[in-house]
Amino acid sequence: QQPVQSPQAVILREGEDAVINCSSSKALYSVHWYRQKHGEAPVFLMILLKGGEQKGHDKISASFNEKKQQSSLYLTASQLSYSGTYFCGTANFGNEKLTFGTGTRLTIIP
Amino acid sequence: KAGVTQTPRYLIKTRGQQVTLSCSPISGHRSVSWYQQTPGQGLQFLFEYFSETQRNKGNFPGRFSGRQFSNSRSEMNVSTLELGDSALYLCASSPGQDFIGNTIYFGEGSWLTVV
Chain A
1 QQPVQSPQAV ILREGEDAVI NCSSSKALYS VHWYRQKHGE APVFLMILLK GGEQKGHDKI
61 SASFNEKKQQ SSLYLTASQL SYSGTYFCGT ANFGNEKLTF GTGTRLTIIP
Chain B
1001 KAGVTQTPRY LIKTRGQQVT LSCSPISGHR SVSWYQQTPG QGLQFLFEYF SETQRNKGNF
1061 PGRFSGRQFS NSRSEMNVST LELGDSALYL CASSPGQDFI GNTIYFGEGS WLTVV
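So the sequences go chain by chain: A and B.
Quick note on numbering: my numbering labels position 99 of the first sequence as 99, and the sequence is numbered without any gaps.
Position in the second sequence (from 1) plus 1000 gives the number in my numbering.
Just chain A, with the same shape it has in the complex (with noise of 0.2 angstroms):
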């Protein structure tokens, strides 16, 4: 079951705040978080585990909501180096596959 992620796209000036988003209509076992820039590789940001554990990366933090659900991944004070497309993906209860949202695209300005 694909997750849903929001907002699809996004443009921001340097220095604000951002918020994606990532749905998924199933239990959530882990929701994974990664930003790929255009012709490279997704890289690791991110990984929460039900049950609290998270591992993570500096300057970047989420949040996730068992009850809903769902996970948010905040950019805080972004950088032009903070743009790029931002994936989530989600494991659900009974299904060990690690399926990916549609994608995020943050685009920073100066």
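Check before you lean on any hint, since a few could be wrong.
[Said to hold, decoys possible] Facing chain B, a subset of chain A residues (Cβ under 8 angstroms, in silico):
| no. | residue |
| --- | --- |
| 1 | 30 |
| 2 | 41 |
| 3 | 42 |
| 4 | 49 |
| 5 | 87 |
| 6 | 91 |
| 7 | 96 |
| 8 | 97 |
| 9 | 99 |
| 10 | 100 |
| 11 | 101 |
| 12 | 102 |
| 13 | 103 |
| 14 | 107 |
| 15 | 108 |
[What the hints assert, rightly or not] Lysine-lysine pairs mimicking PhoX-like chemistry, simulated, CA-CA at most 25 angstroms apart:
| no. | chain 1 | residue 1 | chain 2 | residue 2 |
| --- | --- | --- | --- | --- |
| 16 | A | 50 | A | 67 |
| 17 | A | 26 | A | 68 |
| 18 | A | 50 | A | 26 |
| 19 | A | 26 | B | 1057 |
| 20 | A | 50 | B | 1057 |
| 21 | A | 50 | A | 68 |
Rather than coming from a laboratory, the hints here were simulated on the basis of the structure.
Glycine is no exception: its CB is placed at the ideal position from the N, C-alpha and C atoms.
Got chain A; can you put chain B on it based on the hints?
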């Protein structure tokens, strides 16, 4: 430590042909997965392997197949290529036995164009 290596990086094939893509995971990683990436579709899961065993398979036709060798290297094969198979094929490896609870490291991908 070398990252995930995929070969070839770019290739052009004709409809009806077949193609084999190769992936070498990070040293010590025994889990490998494959994804197809197309504009607007995000990353579509193809296969997942651990210790030469296919653990999971995505919703792709039988033309798509894969395997993993004893040294953890993996290959995927697409037979009877169609125009819609044009995509970036990404390989990823994980240090654990699965991907759902571990960090995934992606390769740079193989760009396949079918003409």
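Structure versus earlier hints - violations, ascending order
14 and 15
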